[in-house]
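Make the full structure from the sequences, and use the hints.
Protein chains: 2
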Amino acid sequence: MVADVPGFGTSNEFGLAICELREALPGDDSVSTDADELERHGFSLYDYHPGVLHSVVVYPLTTDDVVKIVNISRKYRMPIVPYSGGTSLEGHNRGHASGGICVDMSGMDRIIEIHEADSDLVCQPGCLWVDINETLRQKGTRLQLDPAPGATIGGMLSTGCSGTNAVRYGTAKGEWFLNATVVLPSGEIIKTRSRARKSSAGFDLTKLFIGAEGSKSLSKATEAAIEVLNQGVGIQCVELLDDLFMAATNKYGMSLRKWPEKDSLFFKFQGHSAKSLDETAAVVRNDQEATSLWADRKNALFSGLALLEGDDGKGWSTDVCVPPSNLPRLVYETKQDLSEIGLVSTIVGHVGDGNFHALLLFKTDEELEIARHAVHRMVKRAIALDGTCTGEHGVGIGKKEYLYEELGYGTVELMKTIKRSIDPLGLFNPGKLYPDPPGAADPRST
Amino acid sequence: MVADVPGFGTSNEFGLAICELREALPGDDSVSTDADELERHGFSLYDYHPGVLHSVVVYPLTTDDVVKIVNISRKYRMPIVPYSGGTSLEGHNRGHASGGICVDMSGMDRIIEIHEADSDLVCQPGCLWVDINETLRQKGTRLQLDPAPGATIGGMLSTGCSGTNAVRYGTAKGEWFLNATVVLPSGEIIKTRSRARKSSAGFDLTKLFIGAEGSKSLSKATEAAIEVLNQGVGIQCVELLDDLFMAATNKYGMSLRKWPEKDSLFFKFQGHSAKSLDETAAVVRNDQEATSLWADRKNALFSGLALLEGDDGKGWSTDVCVPPSNLPRLVYETKQDLSEIGLVSTIVGHVGDGNFHALLLFKTDEELEIARHAVHRMVKRAIALDGTCTGEHGVGIGKKEYLYEELGYGTVELMKTIKRSIDPLGLFNPGKLYPDPPGAADPRST
Chain A
1 MVADVPGFGT SNEFGLAICE LREALPGDDS VSTDADELER HGFSLYDYHP GVLHSVVVYP
61 LTTDDVVKIV NISRKYRMPI VPYSGGTSLE GHNRGHASGG ICVDMSGMDR IIEIHEADSD
121 LVCQPGCLWV DINETLRQKG TRLQLDPAPG ATIGGMLSTG CSGTNAVRYG TAKGEWFLNA
181 TVVLPSGEII KTRSRARKSS AGFDLTKLFI GAEGSKSLSK ATEAAIEVLN QGVGIQCVEL
241 LDDLFMAATN KYGMSLRKWP EKDSLFFKFQ GHSAKSLDET AAVVRNDQEA TSLWADRKNA
301 LFSGLALLEG DDGKGWSTDV CVPPSNLPRL VYETKQDLSE IGLVSTIVGH VGDGNFHALL
361 LFKTDEELEI ARHAVHRMVK RAIALDGTCT GEHGVGIGKK EYLYEELGYG TVELMKTIKR
421 SIDPLGLFNP GKLYPDPPGA ADPRST
Chain B
1 MVADVPGFGT SNEFGLAICE LREALPGDDS VSTDADELER HGFSLYDYHP GVLHSVVVYP
61 LTTDDVVKIV NISRKYRMPI VPYSGGTSLE GHNRGHASGG ICVDMSGMDR IIEIHEADSD
121 LVCQPGCLWV DINETLRQKG TRLQLDPAPG ATIGGMLSTG CSGTNAVRYG TAKGEWFLNA
181 TVVLPSGEII KTRSRARKSS AGFDLTKLFI GAEGSKSLSK ATEAAIEVLN QGVGIQCVEL
241 LDDLFMAATN KYGMSLRKWP EKDSLFFKFQ GHSAKSLDET AAVVRNDQEA TSLWADRKNA
301 LFSGLALLEG DDGKGWSTDV CVPPSNLPRL VYETKQDLSE IGLVSTIVGH VGDGNFHALL
361 LFKTDEELEI ARHAVHRMVK RAIALDGTCT GEHGVGIGKK EYLYEELGYG TVELMKTIKR
421 SIDPLGLFNP GKLYPDPPGA ADPRST
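Chains as they are written, first to last, in full-length UniProt numbering: chain A, 1 to 446; chain B, 1 to 446.
Hints are computed from structural coordinates only; laboratory data are not their basis.
Some chain B residues flagged as far from chain A (calculated, every beta-carbon gap over 10 Å):
#1 V31
#2 N250
#3 K262
#4 D263
#5 V344
#6 I370
In silico contact screen, one side only, chain A against chain B (beta carbon under 7 Å); selected entries:
#7 P79
#8 I80
#9 E90
#10 H92
#11 S162
#12 D204
#13 K207
#14 H393
#15 K399
#16 I418
Derived coverage of chain A by chain B (criterion: at least 3 residues anywhere in the stretch with Cβ under 8 Å from a Cβ of chain B; other residues may be distant):
#17 48 to 62
#18 146 to 160
#19 171 to 183
Just so it is clear, the structure is predicted and the values come from calculations on it, not from any experiment. In this text, a Cβ means the ideal position worked out from N, Cα and C, and glycines have one as well.
And the structure:
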């Protein structure tokens, strides 16, 4: 039924591979060559494309099981086809002409964590989206992707799914999938991103696996975090402006009124003017005030500089982003740190995204070095809080040293490999974004 | 000031490169080595990262100019740094240690097309987002990305920008950028996607350049199409259900009532029950009816099969997606085609996304071949209408032959190159997604 195909292992080798799979995977039902099983996994009632059956179906229960399968696949050059909900329509689940391994993810179907405050959850790739929504319904929210009822998360990611709600909520190629844990063909496990809602730390490797249909990864999103519907309907943004920023705004003098110099939260509603809902802050009384406040927010650098005496002040502006629930801690610790170094600084944040900006003011070269070290500590703190070195400013030169720590060695090397495959001479923007190899000298330690 | 750096051209070679740039680019002001120009492009008042100035600043006016610059860069191994709005904060605009070419996109600042019916527009990379919003304001809409006021589209794409509105509208890494025209380091021009709102045709190469910070592309998005805010606030989905589908729904008998057997549009509103707004269709009277109608929509395959006599009917389900304004023509021509081939078929569409599904019903092998050819014609028609071979079902085996036609040779080869760089042995899902080389036999022509 299957044939020896050049470039792949022989039937004999595939037999050895199946023996190794039986040894490697625990449980009696983890490896099957039962005819009905092969038929169910390699044939479909819903499409009519040619193809053969797989040689074997395996049922991993953990990411480590997946690694074992991939390593055996590589050893015997035996193709791998992932199997998620089995609802695909274009022959996705057919076997390869040489036979091969069908990896059925139905044994990895658990929701692992729900982060209500962050509006995200972590689940395994075999999880049904209807089961997720049944769980979320009790919390008054839902995942708005709605493919076929039998679809599971691994396939939804791997095909870039959408459904009837996409006009309003976008597709899986948008921002529903924050990250994915992926087993590469090398057997290496990578996680594509942090759990921060936004990141400008390079191009988004999650997106590289969305729509790849398992052709690149084992499709597995073994611990994919999914952004669920933002609960605050109608909230366009929530901005945190600290006491010093409010003071700076008053001093810069572009605003129509003087604001209380307290830490404040400002909400912007869709279709309404900006209003402050923080009881400790004054309420914006009309559209004109709202407009001038948001203009001041945009002028953060200049209003910040107004805090320094004289015209020779400078500001180091930087950003980090963490899961929203970690933002209070990050802001608290960073404010404390900044208050101890003797520099004037302001903090403003996009609270809804867990993204915050610090502006550190200085005049002398000595103060610049103090600021540089403080920013370094802030970035380290954000990464330790499951965040990213940059939420929206990007990497450039200033943040590239943090990518290994944030993303892991394997993820960064993958980015560099893709980079090399497209730009073999390294002529486009050399020295930016991609970090130097680990162990290169830290300028702050010399 | 700049030094000869191993792996890059020498200072002498860079001198020759600058001469060639002057010959290649029209106009007296297209190539500048003026000290003030170099200072303005390679230094920043807003960050404090080390770096040197560029050797030369060039001002392309067309994509072809960009190709010429890239070819000269490659010839002399002279680095390229893109320059968009110049609002970046992490040393993005610094020169390379060897010197190099700064490509300032300010001469390419036009909005080229606005597609109101599709809620997208096409513009050049030097276009200011505030200028775009000034234009869109007159049409009652806006782009919701809001980085620094001086930011331009090329940099916004290249950094994966966001801003204060991201909690509600997502970031540039979501679905604001539909596609980009990119000049690769090889000098080749590729377009990353069609203008269709959704596509499951592989992983999204647009995303590969979003956040790449010009390190992979010339950042250029020379004709990037931008998804602007969906005008229909509160509309969660708009579904087109054709006359035969409505008949099938009645016949399948799961619905609580009988529906008029006419082409119908159904709207689902956020926070409300489903209601039909099409005057030619009946109005849903309560939540229970709405629920049952949407359930039938999900059961399209089974209700469709109810149209055939007997139990041996089969259905070929497929999807395509085009810019929404092209959907009426695509549906009209496809209905006409399907009515002439003697098969029963139904059409349902996600109108808001320009995505539609056809279900072709058949019993015999002969009818299957007729259906296969009809699907082929439908896909060709969709691609000719600036669309994609699949809006959400994916490529698998069934659609891979169309990728070259839809995406272009260069784009597909880039996808394959990335695939090869990650999966050198080709073990993951071989034979799926990536098309065979052009010229391979068409099964329908034999």
